[in-house]
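Undergrad: Single-letter residue listing:
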Amino acid sequence: MQVQSGQLSYRLGLATVGVIFLACISLVIGVYSFSFRDLISGQADVHSSMVLFVSRIPRTVAIVLVGASTSIAGMIMQMLVRNRFVSPSTAGTVESASLGILIITLLVPNASIPLKILFASLVALAGTGLFLLLLRSIPLRSPLIVPLVGIMLGGVISSVTSFFAYRYDLLQSLSIWTNGDFSRILRGRYELLWLSGALTLIAFIIADRFTVAGLGEAFTTNLGLNYGRVLAIGLTIVCIVIAVNVVTVGAIPFLGLIVPNVVSMMLGDNVKRTAPWVAVTGAGFLLACDIAGRTLRFPFEIPIGTVVGVVGSVVFLVLLLRGSARVG
Amino acid sequence: MLASVAKVEAVEGKVARAVPPVIRLVLLALAAIGLITVFMTIEAHGNWDFILPFRGRKILAMVLVGYAIAASTVMFQTITNNRILTPSIMGFDALYMLIQTVVVFFLGAARLSQMNPRFQFGLEVLAMVGFSGTLYWWLFIRVERSVHLLVLVGIIFGVLFGSFTNLLQRMIDPTEFAVLQDAGFASFNSVNRTLLGISGLIIIAVSIVIWRMIHVLDALALGRELSITVGVEYRRTIMIVLALVTILVSVSTALVGPITFFGLLVAHLAYQTVGSHSHRYTIPAAGLFSVIFLVGGQMVLERVFSFNSSLSIMIDFLGGLLFIILVLRGGKK
Numbered sequence: 001m002q003v004q005s006g007q008l009s010y011r012l013g014l015a016t017v018g019v020i021f022l023a024c025i026s027l028v029i030g031v032y033s034f035s036f037r038d039l040i041s042g043q044a045d046v047h048s049s050m051v052l053f054v055s056r057i058p059r060t061v062a063i064v065l066v067g068a069s070t071s072i073a074g075m076i077m078q079m080l081v082r083n084r085f086v087s088p089s090t091a092g093t094v095e096s097a098s099l100g101i102l103i104i105t106l107l108v109p110n111a112s113i114p115l116k117i118l119f120a121s122l123v124a125l126a127g128t129g130l131f132l133l134l135l136r137s138i139p140l141r142s143p144l145i146v147p148l149v150g151i152m153l154g155g156v157i158s159s160v161t162s163f164f165a166y167r168y169d170l171l172q173s174l175s176i177w178t179n180g181d182f183s184r185i186l187r188g189r190y191e192l193l194w195l196s197g198a199l200t201l202i203a204f205i206i207a208d209r210f211t212v213a214g215l216g217e218a219f220t221t222n223l224g225l226n227y228g229r230v231l232a233i234g235l236t237i238v239c240i241v242i243a244v245n246v247v248t249v250g251a252i253p254f255l256g257l258i259v260p261n262v263v264s265m266m267l268g269d270n271v272k273r274t275a276p277w278v279a280v281t282g283a284g285f286l287l288a289c290d291i292a293g294r295t296l297r298f299p300f301e302i303p304i305g306t307v308v309g310v311v312g313s314v315v316f317l318v319l320l321l322r323g324s325a326r327v328g
Numbered sequence: 001m002l003a004s005v006a007k008v009e010a011v012e013g014k015v016a017r018a019v020p021p022v023i024r025l026v027l028l029a030l031a032a033i034g035l036i037t038v039f040m041t042i043e044a045h046g047n048w049d050f051i052l053p054f055r056g057r058k059i060l061a062m063v064l065v066g067y068a069i070a071a072s073t074v075m076f077q078t079i080t081n082n083r084i085l086t087p088s089i090m091g092f093d094a095l096y097m098l099i100q101t102v103v104v105f106f107l108g109a110a111r112l113s114q115m116n117p118r119f120q121f122g123l124e125v126l127a128m129v130g131f132s133g134t135l136y137w138w139l140f141i142r143v144e145r146s147v148h149l150l151v152l153v154g155i156i157f158g159v160l161f162g163s164f165t166n167l168l169q170r171m172i173d174p175t176e177f178a179v180l181q182d183a184g185f186a187s188f189n190s191v192n193r194t195l196l197g198i199s200g201l202i203i204i205a206v207s208i209v210i211w212r213m214i215h216v217l218d219a220l221a222l223g224r225e226l227s228i229t230v231g232v233e234y235r236r237t238i239m240i241v242l243a244l245v246t247i248l249v250s251v252s253t254a255l256v257g258p259i260t261f262f263g264l265l266v267a268h269l270a271y272q273t274v275g276s277h278s279h280r281y282t283i284p285a286a287g288l289f290s291v292i293f294l295v296g297g298q299m300v301l302e303r304v305f306s307f308n309s310s311l312s313i314m315i316d317f318l319g320g321l322l323f324i325i326l327v328l329r330g331g332k333k
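The listed protein sequences correspond, in order, to chains A and B. Going left to right, the first sequence walks through residues 1 to 328 as our numbering numbers them. Going left to right, the second sequence walks through residues 1 to 333 as our numbering numbers them.
Simulated from the structure, these hints should not be mistaken for laboratory data. This structure is a prediction, so every number in the text was calculated from the model and none was measured. Where a beta carbon is used, it is the ideal one built from N, C-alpha and C, also for glycine. Careful: at least some of the hints might be erroneous.
As the list claims (entries may be wrong) - To be clear about the criterion: a stretch of chain A counts as covered by chain B if any three or more of its residues have a C-beta under 8 Å from a C-beta of chain B, and this derived list gives those stretches:
id: 1; stretch: 152 to 160
id: 2; stretch: 234 to 241
id: 3; stretch: 306 to 315
As the list claims (entries may be wrong) - Just a sample of chain A residues kept apart from chain B, beta carbon distances all over 10 Å, derived:
id: 4; residue: G30
id: 5; residue: V51
id: 6; residue: L320
id: 7; residue: L321
Could you build the full structure based on these sequences and the hints that come with them?
TA: Dropping the structure here:
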C-alpha cells in the first residue's frame with residue numbers, strides 16, 4: 001500500500017485541519033460560554049475576551065505543544081534504542097524527572113521553574129542512561145524485555161520518590177506531577193512549553209541522524225557520524241522535553257508510545273515522512289482526550305492523565321496482542 | 001520442646017546443606033511465632049485489655065493476607081509454569097479494585113450502606129472469579145504466548161484497570177468516593193474489620209481444597225504435557241486452581257489493598273530456602289516468610305522509623321529490584 005508523496009502531503013494538510021477543528025472545539029468548551037461571532041465583531045464583553053485569552057487559548061496551545069512534543073520524544077527514543085515499545089514512560093524517564101523535581105523541591109524549597117526543569121532534565125538523563133546501561137547487559141532475545149525492564153525500573157524509581165515524598169509530606173505535590181492535568185494552565189504558566197515546541201522542531205530537522213544512529217554504532221561511524229554525539233543529542237532533547245512537560249502539566253502515560261506506533265503501522269518507518277504525522281496525530285489525540293475529559297462529567301473535569309491512561313493502555317494492549325504473532 | 005529447638009539449631013549449624021525441608025519449615029515457623037510474640041508484647045506498659053485485641057487484629061490480618069498472597073503466588077507460578085509471573089503483577093488486584101468501584105458506581109453508596117458488608121464482599125468475590133477466570137484463561141492458558149508478552153500484557157492490564165478505576169471514581173459523587181478512598185492504599189492500620197472473620201473462614205476453606213490437591217499441584221509443575229501424561233485432568237484442574245488463586249487475591253486486596261511485589265519476594269525466598277519443589281513445603285514456607293516480613297517490617301517501621309503505612313512502598317522497591325534481576329538473569333540464559 002504505497003502512497004504517493006503528493007497525496008500524502010494533501011492528507012497531512014487534511015489532518016492538520018482536523019486538529020485545528022478540534023482546537024476550536026476545545027476553545028468553546030467550559031462553564032463560561034461565549035460566541036466567536038461576538039468576539040470577532042467586537043461586541044463581546046470584557047469577561048469573554050479575558051476567559052479566552054487568559055485561560056482557553058493558553059490551555060489549547062499547551063495541549064497541542066505537549067501532544068506533539070511528547071509523541072516526537074517517544075519517536076526519537078524508539079529510533080535510538082531500536083525498539084518499538086520504548087518511550088519516556090516505559091524507560092524510567094518520566095519517573096526520573098519526577099524524582100528530580102522532588103529532590104530540587106526538598107533541597108531548594110522556593111526554586112524557580114527553570115531551575116526545577118534543569119534539575120529534572122539532569123535526573124531524567126541519569127535515569128534513562130541507567131536504563132540503557134541495563135539494556136547493554138542483556139543479549140536481546142526478545143524485544144519485549146526492553147519495555148519490561150523499563151517499566152520496572154520506572155516502578156523502582158517512583159517507589160524511591162514516593163518514599164521521600166511520604167517522609168517529607170509531599171505526597172500531594174507528587175500526585176500533581178504524576179497525573180497530567182491541564183486545568184491549572186493559565187496565561188503566564190505555560191509559556192515554557194514553547195521550549196518543548198522548539199526542541200521538537202530541532203528534532204524534525206535532524207531526524208535523519210536518529211534513523212542512522214538506530215542502525216547501530218558501527219554503521220553510524222561508517223557513515224561518518226559520531227554515534228555517541230547523536231545519541232547524546234537525542235536523549236538530551238527527549239529529557240528536556242519530558243522535564244518541561246512534567247513540570248508544567250504533569251506526566252501523561254503512554255502518549256509517546258502509542259502515537260508513533262500507530263503512525264508507523266499506517267505509514268511505515270521513513271522518519272522524514274512520518275515525523276510530521278506523529279506530531280499532528282499526537283496533538284489531535286491529546287485534544288480529543290482533553291475534550292472527552294472535560295465533557296464526560298461537565299461541569300467537572302477528569303484529569304487528562306486518567307483519560308489517556310484508559311485509552312492509551314487499550315491501544316497498547318491491541319498493539320501488543322496484534323503484533324504478538326510477529327514478535328512472540 | 002526447647003531442648004529439641006536447640007538441637008535443631010545445632011544441627012543446622014553443622015550440616016546446613018542436608019537439613020530436611022520439614023525442619024526448615026519448623027525453624028521458619030519458630031521465627032514467625034517469635035516475631036509475633038515480640039510484636040504483641042513490645043512496649044505494652046500493662047494495658048493488656050486494649051493492646052491484646054488491638055494488636056491481635058493487626059496480627060490476624062497480617063497472617064491472613066500474608067498467607068493468601070504467598071499461596072496464590074506459588075500456585076499461580078505453578079500453573080503458568082513461570083517464576084516471574086505473579087497474580088498482582090498480572091493486574092489481579094487492580095481488577096478487584098475496579099470491581100469494587102463498579103459496584104459503588106452502579107449501586108450507589110446509600111444502597112451499599114444498607115447492604116450487609118459480608119454479602120457485598122461475597123458478591124464482589126463472585127464477580128471477580130467469573131471475570132478474571134475468563135480473562136486470564138483466554139490470556140494465559142488457551143494460547144501459547146511468549147512469557148515476556150504475557151508479563152507485559154498483564155502489567156498493561158493492571159494499568160488499564162487502575163486508570164479505569166480512577167476514571168469511575170472521578171465520576172462518582174465525592175461523598176460516595178469517600179467509601180472507596182481508603183481501599184486504594186495498602187495499610188495494616190486500617191484493616192477492614194468486618195471482613196476479618198469471613199476472610200478467615202474463606203481462607204481455611206480454600207486451604208483445605210489446596211491441601212487435598214497438593215499432589216496434583218506438584219504434577220502441574222511438570223508442565224502441560226507431562227502432567228496430562230501422569231493423569232491430571234488438565235483443563236478442569238487449571239480452572240479450579242485459577243479460581244482458588246482469584247479468591248485468595250480478592251480476600252487479601254479487600255482486607256488491606258494491593259501490595260504489588262510482595263508475592264514475588266516471598267515466593268522466591270521460599271524456593272531458595274526450603275530445598276524442595278514440592279508444594280507441601282513451598283506454600284507453607286512462602287506463607288511463613290510473608291508473616292515474618294509483614295510482622296517484622298511493620299515492627300521496624302513503627303518502632304525504629306516511627307511511621308506506618310509506607311511498608312508497601314518498601315516492598316515495591318525491593319520487589320521491583322528483584323524483578324529486574326530475574327528478567328535480566330532469564331535473558332542471559
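Undergrad: In terms of Cβ atoms, is chain B entirely out of 10 Å range of G30 (chain A)?
TA: holds (18 Å)
Undergrad: Take the stretch 152 to 160 of chain A, compare each residue's beta carbon with every beta carbon of chain B, and decide whether three or more fall closer than 8 Å.
TA: holds (count 6)
Undergrad: When you look at the beta carbon of L320 (chain A), is every beta carbon of chain B farther off than 10 Å?
TA: violated (6 Å)
Undergrad: Take a quick look at V51 (chain A) and tell me if its Cβ sits farther than 10 Å from every Cβ on chain B, holds or violated.
TA: With a cut-off of 10 Å, V51 (chain A) remains clear of chain B, as the shortest Cβ separation is near 24 Å.
Undergrad: According to a criterion of three or more residues whose C-beta lies within less than 8 Å of a C-beta of chain B, is the stretch 234 to 241 of chain A covered?
TA: violated (count 0)
Undergrad: Classify the label on L321 (chain A) as holds or violated, using whether its beta-carbon is more than 10 Å from each beta-carbon of chain B.
TA: violated (7 Å)
Undergrad: Residue count check for the stretch 306 to 315 of chain A against chain B: does it reach three with CB-CB under 8 Å?
TA: holds (count 6)
Hint compliance for this structure: hints 2, 6 and 7 are broken, all remaining hints hold.
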